[in-house]
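Listed here are the chains, written in short residue letters.
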Amino acid sequence: MQTQNALPETPDQTRKRTIEVLAHASLGRLKQFFADLDEQPEFQMMRGPETGLVMIRGRMGGTGSVFNLGEATATRATVRLTTGEIGHGYRLGGDRDAVRLSAVIDALGTRDAFKPKVSRFVEETEATIKSREDKQRAETAATRVNFFTMVRGDD
Amino acid sequence: MALANASLDGGFQDAVFESQAVFRGLMDAMSRPGTIQTLETPAKAPGALSAAQSAILLCLADPDTSVWLSPSLYAQDALGWISFHSGAPVTHSMSNANFAFLGLGEALPDFLGFANGTQEYPDRSTTIIIELPALTGGQALVAAGPGIENEIDMSPSGLPDNFVRRWSANHGLFPRGVDLIFTCGSTVMCLPRSTQLKQREV
Amino acid sequence: MYVAVKGGEAAISNAHRLLADRRRGDRNLPAISVEQIVAQLALSVDRIMAEASLYDKTLAALAMRQARGDMIEAIFILRAYRTTLPRFGYSNPINTGEMLVERRISATYKDLPGGQLLGPTFDYTHRLLDPDLLNDSPVEEPITAETGHEPIMRVADILAGESLIEMEEPGEEETTPGDITREPLEFPLGRDERLQALARGDEGFLLALGYSTQRGYARSHPFAGEIRIGLVDVEVDIPELGFAVSIGKVQITECQMVNQFKGSAKQPPQFTRGYGLVFGQSERKAMAMSLVDRALRASEFGEDITAPAQDEEFVISHSDNVQATGFVEHLKLPHYVDFQAELDLVRRMRAEYEATQTGTATTEHKEAAE
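Protein chains in written order, with my numbering: chain A, 406 to 560; chain B, 209 to 410; chain C, 27 to 396.
This is chain A alone, in the form it adopts within the complex:
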């Protein structure tokens, strides 16, 4: 996921961030969004939810020419709300419920009445994900080696 930059986001950037945060959110977290709604949105499935493969690519030496590393399972869904908005959900793994809910949230995010709610949800979820990652970084940092140089020789 890309970190936020200081400039105001374009609609595509907002959308990208929404879809990425939803892809990283837990199913429980996504369900919470709907539990907090007064009225459940109605929608139609346009594609999926379906599970398939994404071939993950790497670079030789980390920076060189591209090669195929191996595949990962991925699941995707596309919905259309009865009000017409389209939403997409994607994530690694095989969780069909999660991508369906993600797609609905993405679609709601393009509808003016829901925009603030979705953007708040995305921000909170992003913060949760970030704090989980920060914790991991801090745990790794505690295993950093501090070398002590032993002074040898006579004086």
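Watch out, some of these pointers could steer you wrong.
Claimed, not checked - Subject to a maximum C-alpha distance of 30 Å in a straight line, what follows is the list of computed DSBU-like cross-link-like pairs (lysine-lysine):
1. C:275 with A:540
2. A:436 with A:421
3. C:275 with C:32
4. A:421 with C:275
Since the hints were derived computationally from the structure, they do not count as laboratory data.
Given chain A, work out where chains B and C should sit, using these hints.
Same frame as chain A, now just chains B and C:
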């Protein structure tokens, strides 16, 4: 460029069963050249691709097979539909296409311009799906070969006058060569490279 | 020769039922859950994912449970499952420089930007059995520390400053890399295809080959320039959106091996590189892979091909354990007719041999008598 709304509709409603049904219909048509089969599916691409062409594309094409579209079929909505529902890459190169779709009334390009396969891998060739005004009522042709007991009459409309000669050249490349699927609305008729064709003598 | 034989249906069905019973084992013990396998036997799960060439922890754990812990059987099951799924597309190349690092060490530089981060390693443990693990003793929370703000720089970039190391840069035109799951192998392979094959290669086989290079069969003077383990984003171009999104993170292990190179007519003396990239936390495999990758680049550097690890056809044709197990294990399938034919042949040869032996014996006897 985000996807237009029109490109989202017209996929398979139930991908598993519908693609199996279409595949069965195509298999029957391909194994019995010259017979007419109907592909029952609500799938339909936006624009000029016919119902049968749409169904064939969804059934056979995927991200590992490239698709070539003739000028009358090449339109933004159709490109979006292909990418969204099949994931197949659309190529500008006829000779790299696994599947080539030809719109109604367009001139039939030279078969040698498409992939004809190699002697080692004759399967690496293009299947050309051609929309015609009708699958009957055209030149009276007689087909023979694998899948045909003795002979079968066929008369697809809208083929060029020199079609038999051109087809014979393609047949002569066997095991290389292209395979054809004629479509009209939701009906199909197949002409695999193994089929011999001649004019019905009056 | 194969002949269809019928029969054994009841035996097979009963055998499978017995297998299910033995898999479950003592019913007084709780069944092991897939979640437990993912969480507590994580490195087995990682190995299954790497060698099945399919990243999915849940499915790998399920395969492991189904295979009763037999790794190659589990890898086989997961490979088979993989073939039932459509491929949606390709990720953009993962950026290991932007990794959420869990471990990062270098054997070539002590003080490098980002530091030596040990992470959850077996290194420096005493390898003594721990009786505490016999019980479910409480485990302490990890210690946390302030994270440094300096980026965790790639070791190769440090040497690159002096241009003493072979540079890895994308080709001028990005070509589509070969895919061994789509096209049959045709030797000689490109390095792209080799790396794909090695990434899914058997850990034991690659370990042995890597070891052989250290013992003098294709010496390559290796140093572990850097090993890093962590999470990277998988970014995919989404045609319906018109931009790329990260659809999740995968854990990978990367090893940069740097190898001393005396130079050739075309290249000056410098360090060359071997690369290892593997799904999950799999340091041993990544290191072995990078040794073998370097050994297989022999002809690229004008080196003589003298050792098994440098022989591309030998290495890549035998690195896949699903293929290998299929061919080795097929020997247990009925070969009744084959064997009858061989039996006949051996009987005939034996008869001929005995006939000549008797003949010779008779001659010798005669000679002795004379």
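Structure-based check of each hint:
1. C:275 with A:540: holds (16 Å)
2. A:436 with A:421: The hint holds at about 21 Å.
3. C:275 with C:32: Violated - the C-alpha atoms of residue 32 of chain C and residue 275 of chain C are around 49 Å apart, more than 30 Å.
4. A:421 with C:275: holds (16 Å)
Hint violations for this structure: number 3 only, all remaining hints satisfied.
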